[in-house]
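Peer 1: One line per chain: the protein sequences are W and P, in this order.
Heads up: the first sequence runs through residues 1 to 279, numbered per my numbering.
Heads up: the second sequence runs through residues 1001 to 1470, numbered per my numbering.
Just so you know, not all the hints are guaranteed correct.
[Stated by the list, open to error] No farther apart than 30 Å at their CA atoms in a straight line, the calculated lysine-lysine pairs in the DSSO-like style are these:
id, chain 1, residue 1, chain 2, residue 2
1, W, 131, P, 1431
2, P, 1111, P, 1342
3, P, 1137, P, 1149
4, P, 1254, W, 131
5, W, 248, P, 1021
6, P, 1431, W, 248
Hints listed in this document are in silico derivations from the structure and should not be mistaken for laboratory results.
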Amino acid sequence: MLNSIILSYTTFVYFAAFMFYLLAMVMNREILARIGTFASLIGLLAQTVGIILRWVESYSLGVGHAPLSNLYESLVFFAWTLMLLYMIVEWRTKNRTFGTFVTPLAFLAMAYASFSPNISSHIQPLIPALKSNWLISHVITCFFGYAAFALSFGLSLMYLLKRLDSEERNNIFLKLIPGLRILDDLNYQMIVVGFLMLTLGIITGAVWAHSAWGTYWSWDPKETWSLITWFIYASVIHSRMVRGWKGKRIAILSMIGFACVLFTYFGVNYLAGLHSYAK
Amino acid sequence: MVNSKSKNRSNVIWGFFSSVKLTIVLLIILAIVSILGTVVPQEQGAAEFARRLNPAMLQIFTSLDFFDMYHSIWFRVLIGCLAMNLVICSVDRFPAAWKRFTLRPEPDRTKPFDNLPPHQSFLAQGTPEEIANKVNKLFQSRYKKTRKKEVGANLFFYGERGNYSHFGVYLVHLSVLLIIVGSLVGSFFGFDAYVNILAGEQIDTVMLRKTMRPLKLDFTVRCDKFTVDFYENGAPKEYRSDLSFLVKGKEMAKEKLLVNHPVEFMGITFYQANYGSIPGKTVRVKISCNTAQPTVIDMKVEAGKSIALPGGEGKFKVIDVRGDIMKMGQAALISVQPNQGKPVDFWVFKHGEMARKMLPEPMLKSPKFNPSAFKPYTFFLDGLETKFYTGLQVNRDPGVSIVWIGCFFMIAGLFVTFFLSHMRIWVHLLKTDQGMKISAAGTANKNPVGLQRELEHLTNDLKDLFGKKG
Chain W
1 MLNSIILSYT
11 TFVYFAAFMF
21 YLLAMVMNRE
31 ILARIGTFAS
41 LIGLLAQTVG
51 IILRWVESYS
61 LGVGHAPLSN
71 LYESLVFFAW
81 TLMLLYMIVE
91 WRTKNRTFGT
101 FVTPLAFLAM
111 AYASFSPNIS
121 SHIQPLIPAL
131 KSNWLISHVI
141 TCFFGYAAFA
151 LSFGLSLMYL
161 LKRLDSEERN
171 NIFLKLIPGL
181 RILDDLNYQM
191 IVVGFLMLTL
201 GIITGAVWAH
211 SAWGTYWSWD
221 PKETWSLITW
231 FIYASVIHSR
241 MVRGWKGKRI
251 AILSMIGFAC
261 VLFTYFGVNY
271 LAGLHSYAK
Chain P
1001 MVNSKSKNRS
1011 NVIWGFFSSV
1021 KLTIVLLIIL
1031 AIVSILGTVV
1041 PQEQGAAEFA
1051 RRLNPAMLQI
1061 FTSLDFFDMY
1071 HSIWFRVLIG
1081 CLAMNLVICS
1091 VDRFPAAWKR
1101 FTLRPEPDRT
1111 KPFDNLPPHQ
1121 SFLAQGTPEE
1131 IANKVNKLFQ
1141 SRYKKTRKKE
1151 VGANLFFYGE
1161 RGNYSHFGVY
1171 LVHLSVLLII
1181 VGSLVGSFFG
1191 FDAYVNILAG
1201 EQIDTVMLRK
1211 TMRPLKLDFT
1221 VRCDKFTVDF
1231 YENGAPKEYR
1241 SDLSFLVKGK
1251 EMAKEKLLVN
1261 HPVEFMGITF
1271 YQANYGSIPG
1281 KTVRVKISCN
1291 TAQPTVIDMK
1301 VEAGKSIALP
1311 GGEGKFKVID
1321 VRGDIMKMGQ
1331 AALISVQPNQ
1341 GKPVDFWVFK
1351 HGEMARKMLP
1361 EPMLKSPKFN
1371 PSAFKPYTFF
1381 LDGLETKFYT
1391 GLQVNRDPGV
1401 SIVWIGCFFM
1411 IAGLFVTFFL
1421 SHMRIWVHLL
1431 KTDQGMKISA
1441 AGTANKNPVG
1451 LQRELEHLTN
1461 DLKDLFGKKG
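Could you build all of it, start to finish, from the sequences and the hints given here?
Peer 2: Now the structure itself:
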């Protein structure tokens, strides 16, 4: 179908954007970074068209629903929120080096969605449990949270790399990364946005679970892992707000937090597999 | 805490629980132990897992409640510690927050004006009174707790905004407590049960999940109809139960129940959880008589009822029905009682051909699986009438509204804590030979970007007052 063709092409556009951003930093050529931004914008635009088209196509198939209902659609949406949030950050900070650390995540998500043999890109009708108005608000809040945490992960990585920078080393790549202070502030902002979105995501999920299953919390692995992620980022925020932790420690904690995000997203499927094996 | 002896001890406890280090440690411990419960199967799934453990491990696992860890004492103690920590931390820090909330610095502070960027000050023309009045008016409308002070040739204005943002974090902490209280109220005064109702039948008891004991309701629920719709690809589209609620035999309400659309009656909520089918009592059989003139008879028989064979050689009855036996589909156990002699029992399958291919050789030879075991008849199973039942989740949770209030407070509190700040703004008017020099400066407890934006807006509005384009 047209939408999945457009979306699979987006994968390559994001890869191209990543390459331009990376080359710009290695060769210290601003023009390449500009091309990277241009490619990212094209990719984001194409992806937006792809998602809308998928939505429209689902209606013409008679099973109309927002394209947020299975792993394929969620991966596509994740890449979309990540790129959208990244474009906002790039525009606000006027710095293009972040791109090198964020676009590969969007590319990987799209590549996994488009080319993994285990993921079907077919539009599937909604099963009764998913037929709820909470689907859209739950998925959107969760994925904006994930995207903010992914950006925070990229910023943490940049922070740890920037610490290696020194006069003697004289490495262009490291030199181009913005200062530690800026990275740290931006990282914290992303954690805050992500935390608020994750909280909203958990709450909308709880409201939905309450109307679908009769209980707002049932300690199912996905719920529990989202709570684990919440605990980790809550401790990051407390250590920063009250204890004044900064820099390296926050960067490392944020990376641990992102590992939890990834596990909440993908690892839980594997756990469910363990369960069915155990049965 | 009243007598002096215990004061020392309570100070130690207070000190322990008022530390944010403890909060961070507790949050990380909670995160780590929660992982355990996602790896070890909980509750229903636990039995199979437990069987594969060696006895010593099983002992450890059961004594530590690992199979239901989220409801175990030690997990609740951890949550309790977090709640205690949260309360004591909040109480401990409240006076400082109150001070920051009420503190009103002198209007003539000059420190905020150190290193003032040039775009935050400009010259205005006019009489000093006129200028002061205009600035004062703008200040009054824009900020709270405004004050002004004149020191020689200097006139200072002070105002602030967002002073309540100091309490955002208290709102968040309160929300966590509300959610914990709400869940406790739910577990003490609510229940969590399920029930299956066959279409056309009614129930007045449900099964509690926790204790597996029946619970009698004050009313009767009847399932008038149950329907399942499927998509073309075979995936389920909609489950729907038409329910009637009866009190003392009198119908009080009729509701349709769908997934995601629960129904409430007398404080108890019903959710469409699942459905299933069981073989009913009616069996459609075909009997062929292999005599000189073969005849085939179709009949509907009720399981358990004896029916005379067409030729009068005896009677037969269906003594067991199975919806699916060994993955070979529907089957019925038929027992033929001849007029004289022992009864002959054998299974007949709906998919006889398939069953014959799947059954191992020795079983095929056994009369137990031979539909022609009683000569001269051959029995065939046309089908079982299946009955659908609807599976309902039945709950009462009086704590849920407390949880929702908590959730709302949490979002509001986080928003205030993260995005609003207590801004203190000063404006300094200084008479000079070139005119009145107006400068604006400020401080904020967080969000320096927001403060910068506010100062820019203020300076622009001040410039507009005096006809200067920002």
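Peer 1: Verify the proposed pairing of residue 1137(P) with residue 1149(P), using a straight-line Cα cut of 30 Å.
Peer 2: Distance of about 15 Å is within 30 Å: holds.
Peer 1: Is the straight-line distance between the alpha-carbon of residue 1431(P) and that of residue 248(W) 30 Å or less?
Peer 2: This hinted pair is violated, its Cα atoms lying about 49 Å apart.
Peer 1: Given the hint that residue 248(W) pairs with residue 1021(P), test it: the Cα-Cα distance must not exceed 30 Å.
Peer 2: holds (18 Å)
Peer 1: Assess, step by step, whether the Cα of residue 131(W) is no farther than 30 Å from the Cα of residue 1431(P), and give holds or violated.
Peer 2: The hint is violated at about 69 Å.
Peer 1: Does residue 131(W) lie within 30 Å of residue 1254(P) when you go C-alpha to C-alpha?
Peer 2: holds (23 Å)
Peer 1: Between residue 1111(P) and residue 1342(P), does the CA-CA distance stay at or below 30 Å?
Peer 2: violated (110 Å)
The structure does not agree with the numbered hints 1, 2, 6 stated previously, though it agrees with the rest.
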